[in-house]
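> In case you want the letters, here they are:
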Amino acid sequence: MAELSSNLLMIAFILYLSAIPFFGGAIRQKNISKTEKPLKIWATVAIFLTMTGFAAHLGYFITRWLAAGHAPVSNLFEFITFFGLCTVGAFILIHFLYRTPVLGLAVLPVVLIIIAYAGMFSRDISPLIPPLQTYWLQIHVITVALGQAILAISFAAALIFLVKKVDQTRRNKSNVWLEVVLFLMLSVVGFIVVSVLFNAFHYSAVFQWTNQFGAEESVEYGMPPLIGPNEGQLVKGQFEPFLEAPAIIDAKKLNTVIWSLSTGIILYILTRFIFRKRIGAALKPLTGNINEDLADEISYRSVLIGFPVFTLGALVFGMIWAQIAWSRFWGWDPKEVWALITWLFYAAFLHLRLSKGWHGERSAWLAVIGFAIIMFNLVAVNLVIKGLHSYAGA
Amino acid sequence: MERIKCGCGHVNPHGTLLCEACGRSLTGTGAPELLDMRYEGSARRSQTYNKTFIDKVWNFFSSVKVGIWLIVITLIASGIGTIFPQKMYIPQFVPASEFYEQKYGWPGKLYYILGFHELYSQWWYMILIALIGVSLVVCSLDRAVPLFRALKAQRVDRHESFMKGQRIFGITKGENFDEAVKAVKRNLKKKRYRIREENHAILAEKGRFSRWGPYVNHIGLIIFLFGAMLRFFPGMYVDEVIDIKEGERKEIPGTDGEYYLENKQFILEVYDEKENEAFSEALKKTGDVAKNYQTDVVLYKRKGERVPGAEAGLIKEKEYSIQVNNPLKFDQYAIYQMDFKTVLSAMNFVLVEKETNEPLGEINISLDNPKMRYNLGNGYTVEILKYYPDFDLDDEGLPVTLSRDPNNPAFVFEMYTPDKPEGEISLVAIQQTVEPVGENKYKMQFAGIETKTVSILALRKDLTLWIFALGGLIFLIGLSLGSYWNHRRIWIQQRGPDIWLAAHTNKNWYGLKRELQTVLAGTGINEPEDRNEKKGK
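Top to bottom, those sequences are chains Z and C. For the first sequence, my numbering assigns the number 1 to the initial residue and increments by one for each residue that follows. For the second sequence, my numbering assigns the number 395 to the initial residue and increments by one for each residue that follows.
Be careful, since some hints might not be right.
Simulated crosslink set (BS3-like; lysine-lysine; CA at most 25 Å straight-line) [what the hints assert, rightly or not]: (1) C/K765 <-> C/K814; (2) C/K679 <-> Z/K253; (3) C/K459 <-> Z/K356; (4) C/K579 <-> C/K567; (5) C/K780 <-> C/K723; (6) Z/K173 <-> Z/K40; (7) Z/K165 <-> Z/K284; (8) C/K644 <-> C/K814; (9) Z/K356 <-> C/K558; (10) C/K450 <-> Z/K356; (11) C/K723 <-> C/K685; (12) Z/K165 <-> C/K901; (13) C/K855 <-> Z/K165; (14) Z/K253 <-> C/K668; (15) C/K780 <-> C/K855; (16) C/K579 <-> Z/K356; (17) C/K780 <-> C/K814; (18) C/K679 <-> Z/K236; (19) C/K658 <-> C/K644; (20) C/K576 <-> C/K837; (21) C/K837 <-> C/K546; (22) C/K907 <-> Z/K40; (23) C/K846 <-> C/K644; (24) C/K835 <-> C/K765; (25) Z/K356 <-> C/K567; (26) C/K585 <-> C/K835; (27) C/K503 <-> Z/K253; (28) C/K579 <-> Z/K236.
Just so you know, these hints were derived from the structure itself, not from any lab.
Whole structure, please, built from the sequences with the hints as guidance.
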């Protein structure tokens, strides 16, 4: 059952990947009216592939649930793949509301990155520790993932809006920031690439080092150490690090971040080299025939739909569960605080839009920042800040 | 107060921008190309008065801009509080003043000095939350009341300038539209519009309640914040930690001696690889994973009045297995499984003659309630002169105990033996022995320990919970009303031979336009244009 589950996930990944060129085909020509029929076929095939992929992805989820005996949302791998599933689901829903193939061109690559990123964490089916043994696990986590996924659609639509709207004739603040966003997405790809690469070669280096309290510790690196730990002695492995991190910094994580960003830079330079222009400028023609008002509307509408779901799942269900398991509904645990920050941010977003008239580009940037906060809560708060919610971190 | 009478005869409150009834512009500057339809152009207090101190305070808090700034400041402050762990999550044995600097260097020290280690209970953080509360109330009142008035007073046949000032507006020229209008009305009814008619004018409206969504959700938030404030009143909220050993029975703190709890046993279960094959890979990598933390308890209730000094008569109330996610509830209290620890419960010593190393008898000392005299037979007796459960030396090098918990027990023994009937004194702590009055012939040799598990339970009483629940529920209802429904209005007027059509929605214009498409399809009335779109191109 567990093996079937993994295979289904793989099939979903391949189907999503193969849907992308069809979405590309569906938006290829500018004049829709003349070539409506052939374009419709491209779009139909694209959405069909996406939905088949979604079915396989759902199959992964169900079979893994059966294999584990609990909802597969209990560690980072499971949560992130489920988040990907919800994002595709939200995309399919929005697609039938607005029928915009270009949205698929933005969402599916993001989903592929999300699933591949999930694969970097332990894929073992892990047992539930006592606090997780309750039906609130399903209720809370599934609603949160759904809410965040709908908000992710808002990010994808905002990205389309920005690619279309931002002036690329000469360098300006907007197109530089757009490049930063795209570069960060490439860095996630970079992280996946180096992880897979060094994992394939079973790379390992072990250090003995001294922590800030003067105690000896041992740490194993999965990537060649550019940055070594404080007073680190290489016990196993070939390369000596170039630099040594102070004891208060987690050298291993810093090393991974540097590898990811460096690979991101290389990927970015390569892309720039191929297209001979900003990535934003290279993507711009793809958005040629999309109505920017519609992209703005989709982005805003997704926030409007996703915000109540997020509130219900993350804050309300989270509080109820925390009251049952931890005896208090709110304890200022980092994950809780960042859920609150996400909530406050989208509340500010809605007020700016409704009362201050922030439409179009400003609203799109806010949607991008909102998604960045969600990703920060998903990744950094689990791996870096740590707290009561960090059982998912291993 | 001065009131404004509109040309249509309706009397509007001072400060009104668009006549509540017919929608004519009352500002005297002539109608702009597109009307600002926010709050229906009603008279908002904050936009009308700005004289007294109260006006100024009101105007400050009624500004959404101020509200957003308060939200953003709170958001950033909250984020800062997660850079390093809050004080409640750091190890308890290190003082906070040292912990942050040691672990995080000078940024940690700064964090501590600025009070960020207890950020969420800082006075300024609380004031921020309170200000948000005030902003919520003022913003809502400033807008909801006049909006309610305006929507109630609206008339079916709107003024020409109102129609022309709508974002979605169109004129269809022609002759006889009676049939077309009938068809449109039928279609509108199918779409669940409520239709009002007056002098050849139609107003179709639906989802007006969604306009109240924001105000309803703000009420929910205010109730929620009110609940948080109530916690500061004594008796509303009790939060105690109960450390209770296996086999121990103790009074439950905070219940005024009314309840007693006995810990029958603590159970820790781990996952077994063989029983749970699906987890075998994960278990191989991570080692043991806890499956269950459980404290089996008995709850007792005191019988009769409390008598000082006397052991209370107790009645068994219930037996329960407290697990994580499964607290024991009684009266207004709940007891939660939080943690456990293993502590020393007893120590064994053997009396030994130093030279021959001959054991002369073993004693077992209970660390909670030690017996002071032990008779080993054959004339050997050991007495405990002093017991230090948490042994340390003070500044002058004298033995002291830091607490009553047996973290580091030490004893002063007096050993009476047939050849030393006057007794020998020795201080025995873990891994050290001091003989304060000369060299002894006998010694107390350490011979092992016994441990017990202490369940760490949390006792909560929270009479404010239902207020939070109510606030949360109202908030969610309001949020859903405002998010998932739209307030749509369509005005259709027969002006001479022509049909005028205007439409407005508070959000989701795309949806409104699509609805108009289906409503107007085949009726001969043209789809109106979206003048925002036209303007953009």
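> Now look at each hint and say whether the structure bears it out.
Now for the hints, and whether the structure bears them out:
1. Pair hint C/K765 plus C/K814 holds up; C-alpha atoms about 22 Å apart against a cutoff of 25 Å.
2. About 20 Å separates the Cα atoms of C/K679 and Z/K253, which keeps this hinted pair within 25 Å; it holds.
3. Proposed proximity of C/K459 and Z/K356 is supported: the alpha carbons are some 8 Å apart, at most 25 Å.
4. With a C-alpha separation of about 19 Å, the suggested pairing of C/K579 with C/K567 holds against the 25 Å cut-off.
5. For the suggested pair C/K780 and C/K723, the alpha carbons sit about 42 Å apart, so the restraint of at most 25 Å is broken.
6. With a C-alpha separation of about 37 Å, the suggested pairing of Z/K173 with Z/K40 is violated against the 25 Å cut-off.
7. For the hint pairing Z/K165 with Z/K284, the CA-to-CA distance comes to about 9 Å; that is within 25 Å, so the pair holds.
8. Note on C/K644 and C/K814: the hinted pairing is violated, with a Cα-Cα distance of about 43 Å set against a maximum of 25 Å.
9. The straight-line distance between the Cα atoms of Z/K356 and C/K558 is roughly 24 Å, inside the 25 Å bound, and the hint therefore holds.
10. For the suggested pair C/K450 and Z/K356, the alpha carbons sit about 20 Å apart, so the restraint of at most 25 Å is met.
11. Restraint check for C/K723 and C/K685: satisfied, since their Cα atoms lie roughly 23 Å apart, inside the 25 Å limit.
12. For the given pair, Z/K165 sits about 22 Å from C/K901 by alpha-carbon distance, which is consistent with the 25 Å threshold.
13. Taking the CA atoms of C/K855 and Z/K165, the gap is near 56 Å; set against the 25 Å cutoff, the hint is violated.
14. For the proposed pair Z/K253 and C/K668, the alpha carbon gap of about 35 Å is over 25 Å, so the pair is violated.
15. Among the hinted pairs, C/K780 with C/K855 is inconsistent with the structure: their alpha-carbon atoms are about 40 Å apart, more than 25 Å.
16. The hinted pair formed by C/K579 and Z/K356 fails the criterion: a straight-line CA distance of about 35 Å is larger than 25 Å.
17. Annotation: proposed proximity of C/K780 to C/K814 holds, straight-line Cα distance about 20 Å (limit 25 Å).
18. Under the criterion of a C-alpha separation no larger than 25 Å, the hint pairing C/K679 with Z/K236 is consistent with the structure, at around 20 Å.
19. Pair hint C/K658 plus C/K644 holds up; C-alpha atoms about 12 Å apart against a cutoff of 25 Å.
20. For the hint linking C/K576 to C/K837, the alpha-carbon distance of about 111 Å lies beyond 25 Å, and the restraint is violated.
21. Using a Cα cut-off of 25 Å, the hinted pair C/K837 and C/K546 is violated, with the two alpha carbons roughly 96 Å apart.
22. With a CA separation close to 23 Å, the supplied pair C/K907 and Z/K40 stays within the 25 Å bound.
23. Taking the CA atoms of C/K846 and C/K644, the gap is about 16 Å. The hint holds against a cut of 25 Å.
24. A hinted pair counts as satisfied when its Cα atoms are at most 25 Å apart, and C/K835 with C/K765 qualifies at roughly 24 Å.
25. With a CA separation close to 37 Å, the supplied pair Z/K356 and C/K567 exceeds the 25 Å bound.
26. Distance check on the hinted pair: C/K585 and C/K835 sit about 103 Å apart at the alpha-carbon level, beyond 25 Å; violated.
27. For the hint pairing C/K503 with Z/K253, the CA-to-CA distance comes to about 23 Å; that is within 25 Å, so the pair holds.
28. As the CA atoms of C/K579 and Z/K236 are separated by approximately 81 Å, the hinted pair breaks the 25 Å bound.
Violated hints, listed in ascending order, are 5, 6, 8, 13, 14, 15, 16, 20, 21, 25, 26, 28; each of the other numbered hints is respected by the structure.
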